[in-house]
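Asker: If you read the protein sequences in the order shown, they are chains L and R. Using this note's numbering, the letters of the first sequence map in sequence onto residues 1 to 165. Using this note's numbering, the letters of the second sequence map in sequence onto residues 166 to 956.
Note that these hints are calculated values from the structure, not bench results. Every value quoted in this text rests on a predicted model; they were computed, and no experiment measured them. A couple of the hints might just be wrong.
In the EDC-like style, the derived pairs of lysine to aspartate or glutamate whose C-alpha atoms are separated by at most 20 angstroms in a straight line are [claimed, not checked]:
hint : chain 1 : residue 1 : chain 2 : residue 2
1    : R       : Lys-731   : R       : Glu-752
2    : R       : Lys-412   : R       : Asp-704
3    : R       : Lys-190   : L       : Glu-88
4    : R       : Lys-190   : L       : Asp-94
5    : R       : Lys-190   : L       : Asp-129
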Amino acid sequence: MSASPMSDFLPVTLTVNGTAVSRMVAPRTTLADFVRTDLQLTGTHTGCEMGACGACLVLMNGEPVHSCLVFAIQADGAAIETVEGLTERGAIEDLQRAFHERNALQCGFCTPGMLVTGHAILEKGGLPDREHIRDALSGNYCRCTGYEAIVDAIERALREREGCA
Amino acid sequence: MNASVVTPIGAPVRRKEDHRFITGKGRYTDDLSRPGQAHAYFLRSPYAHARIRAIDTSAAIDMPGVVAVLTGKDLAQDGLGGLICGWMIHSKDGSPMNAGAHPALALDTVRYVGDHVAVIIAETLNAAKDAAAAVVVDYEILPAVADLAQAQAEGGPVIHDVAPRNTVFEWELGDKAGTEAAFARAAHVTAIDIVNNRLAPNPMEPRAAIGDYDAGDDAFTLWTTSQNPHVARLVLSAFVGLAPENKLRVIAPDVGGGFGSKIFIYAEETVCAWASKRVGRPVKWTCERGEAFLCDAHGRDHITRGELALDGEGRILGFRVKTTANMGAYLSTFSSCVPTYLYATLLSGQYAIPAIYCEVDAVYTNTAPVDAYRGAGRPEATFLVERIIDKAARELGMDPAEMRRRNFVTAFPHQTPVIMCYDAGDYGASLDKALALADYTGFPARKAEAERRGRLRGIGLSAYIEACGIAPSAAVGSLGAGVGLWESAEVRVNPTGNVEVLTGSHSHGQGHETTFAQLVSARLGIPIDQVSVVHGDTDKVQFGMGTYGSRSGAVGMSAIVKALDKVEAKAKKIAAHVLEASEGDIEFKDGRFTVAGTDRGLAFAEVALNAYVAHKFPTSEIEPGLKEGAFYDPSNFTFPAGCHVCELEVDPETGVTQIVNWVAVDDFGTVINPMIVEGQVHGGIAQGVGQALMERVAYDNDGQLVTGSYMDYQMPRAEDLPSFTLGLTETRCPSNPLGMKGCGEAGAIAAPPAVINALTDALGTQDISMPATPAKLWAVAQARVTRRAAE
Ligand code: FES
Ligand code: FES
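One chain only, chain L, in its complex shape (with noise of 0.2 angstroms):
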């Protein structure tokens, strides 16, 4: 049945969304399809397969990476989050409230890699102005809204978690 032997496949041992997970994959397996097809973890999208879009952002040991351009074998080690975990352990619960209130996607594709950037952005603290957040957003496309609502909820998200909503 299967394509190819199973001797064409590695091992790889990471951490995903805190639980700690074994697979024996395809070495040319992305982490994005990794996570989307071996785990089901459908939340990471991709739109490009080449680090242009944004849409697969997940973080591995804390820093968001495009989760198309790393190898799951790559991964080896790793503790991966993505939009799953994060909405899980509460970690941008602030940031999807703002999300929502502000009406920051359309058709959601691009959001879970919108959501991981934000997030990285709320992590770094203070009160970046709006052409820095548009900055940090840069490697993030989004079709649908023009980004505007999207600056603002990651603004929102930044000043509450300041204390000065």
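The hints should help you fit chain R with the ligands onto chain L, whose structure is shown.
Answerer: Coordinates of chain R with the ligands only, in the frame set by chain L:
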């Protein structure tokens, strides 16, 4: 996340659909898997034009994990028909358009890079891709023509034998003699040559499909990224011949944006559905971005010469237009109506123009098919009208705003010379409001201040109009449409008083789950969380025409209103029996049926329960249950219109444009949810700015796609766009019950001429084409410096 409240029309109700999208729980087609599914990969033509002498699949079939390798011969053997274009256009001489055959998998000829040669189905996508490399295709390379300007040359490559000189049709609209006469008495003629750049729609979710044949029931299910699943089913049944409609279920689950590109019936989903029967397993395909650039239908791509005849006071006497429209290598589903009835019918703009004559040649080239993209024909018309009127104003030394005002249509209804009858509007009001919000009179001071900083500042107007609410069925039928363009709705009231609304519209970002529920909540007086919207599944919703052309409000919601009228009427009958009153005395308000002049009444939910319990009314007269459906056919198009103002600065040292201010004043008629409308306007402007400044699909002379990825095709990013200042004016649309006009395409239609008009103002030349990239603008700015130095 939704408050349990009744939501009035006009309130910025937060979206019901957000929760799943912000938690990663959306259900897009590629998120789905079917038990036992195999994966499809398409082998595509590397050549723009070639004859296929032979395809040898034997080595590929022997590769590990390969389930099947299928070609056009297999499709033909199973008797499947080709893809169709559903709108017949006739040439000036009365002859029908020259439509070449469009097999889902090529039979003997490939006609563009990316054309479908074979499908490889395997256990994994990797195995399918590996096997694709082992398929041996013997091509005889043919001369190709990718350049629209060359495609009609005598003696050039012929793409379809049925279309001499690659000409699909030579069409005309308007009054030729009357227009010639207007030019004969003109005091001034302004001419303009325009290339409307070819665009890739690029919804962020690539297309995908899963075909699943159930041998037990002899029935197909197709999950696909579609804006109109019922139309997909109709085409696959009636024309492709895949299966009768009762044996084919099409489901469009969450769809990540469409912008037109997911209206069409493409080769890939057709093949996945068919192949699932052939191989006896579900077949899944997901498009990669590179493939999307190759074969998602592109948009725009016109070459146009326009001439405007004016009297001595700047009043338009006549308008003459000659357009060549690129159709690509095949006629896509609705391609033929885009450069004709969706284009030339809007050439009157917001202006009273006594005579218009337009000729359009539609032309095959060895490029991907071209079809509707956000606005579809109307952005091309608006760009032409708003550029030429601006140019005319400058030639006559008039203020562009005054020039427009002088020519506005001011009395309604207004019959244009190009079919459309504008029903309502106030173009002066939107212009005035836009100029005020943009501080138009303060512009010269801002320009002078920018000049001191070494920046070239410009301001540009765009007073657009579009025809939406697509469309009155008999009217479009008389123009060649193969379908009626009504919409359907069904309102199912459950015994406990909550409601399901089934709609033939489809939401792929527009927020129908919210606005449609908002409408029902307001009308029935029940909390919005008790209303669910069901769409995108041909087994649940009987039929519908889908979402495009800003039609879901004006047409889709009108159908819901019609169904709600019937629900209310029946509920009143039931309430009358339960309350032992006469039907004429029953009033319905704020979710309660009351007997006029008394305090006796029933809540909506109590009437719903009574409808199903059916104890208290004669079922010989009134059927039990509370469920009503409606089909709504619009009586006219709707005419959203408005005025956008773009103010920008160009850095002459780098050619980089910075948009510093954007004002959009739109008249969409009644607005159900201003928050959602705002989002539609923002997104539309962003795409229009993309067309004006960055986006262009380019092919080289051999028909190779040069812009095949996000490294070569630039779209606006967050840092490229300003914040927008929005304003509304409102004239109700008289032709539908809610007075709605539609808002989905306005920004994409209005924005490109606003940007280019602002650039011509900044740089002092009319010679600026789209996309106005930094390289182009730098050259213009440098030439300007040299010119000034010489003066
Ligand atoms: S899919 Fe990874 S950046 Fe686009
Ligand atoms: S919401 Fe559709 S791409 Fe961003």
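Asker: For a C-alpha distance cap of 20 angstroms, please report whether R/Lys-731 and R/Glu-752 respect it.
Answerer: 15 angstroms, holds
Asker: Just to be careful, I want the Cα atoms of R/Lys-412 and R/Asp-704 compared with a cutoff of 20 angstroms; is the pair within it?
Answerer: Roughly 10 angstroms between the alpha carbons, so the hint for R/Lys-412 and R/Asp-704 holds.
Asker: For R/Lys-190 and L/Asp-94, compute the direct alpha-carbon distance and say whether it is at most 20 angstroms.
Answerer: Holds. R/Lys-190 to L/Asp-94 sits at ~18 angstroms (cutoff 20 angstroms).
Asker: Taking 20 angstroms as the top limit, are the C-alpha atoms of R/Lys-190 and L/Glu-88 close enough?
Answerer: 12 angstroms, holds
Asker: For the pair supplied as a hint, R/Lys-190 and L/Asp-129, confirm whether the alpha-carbon distance does not exceed 20 angstroms.
Answerer: 31 angstroms, violated
Hint violations for this structure: number 5 only, all remaining hints satisfied.
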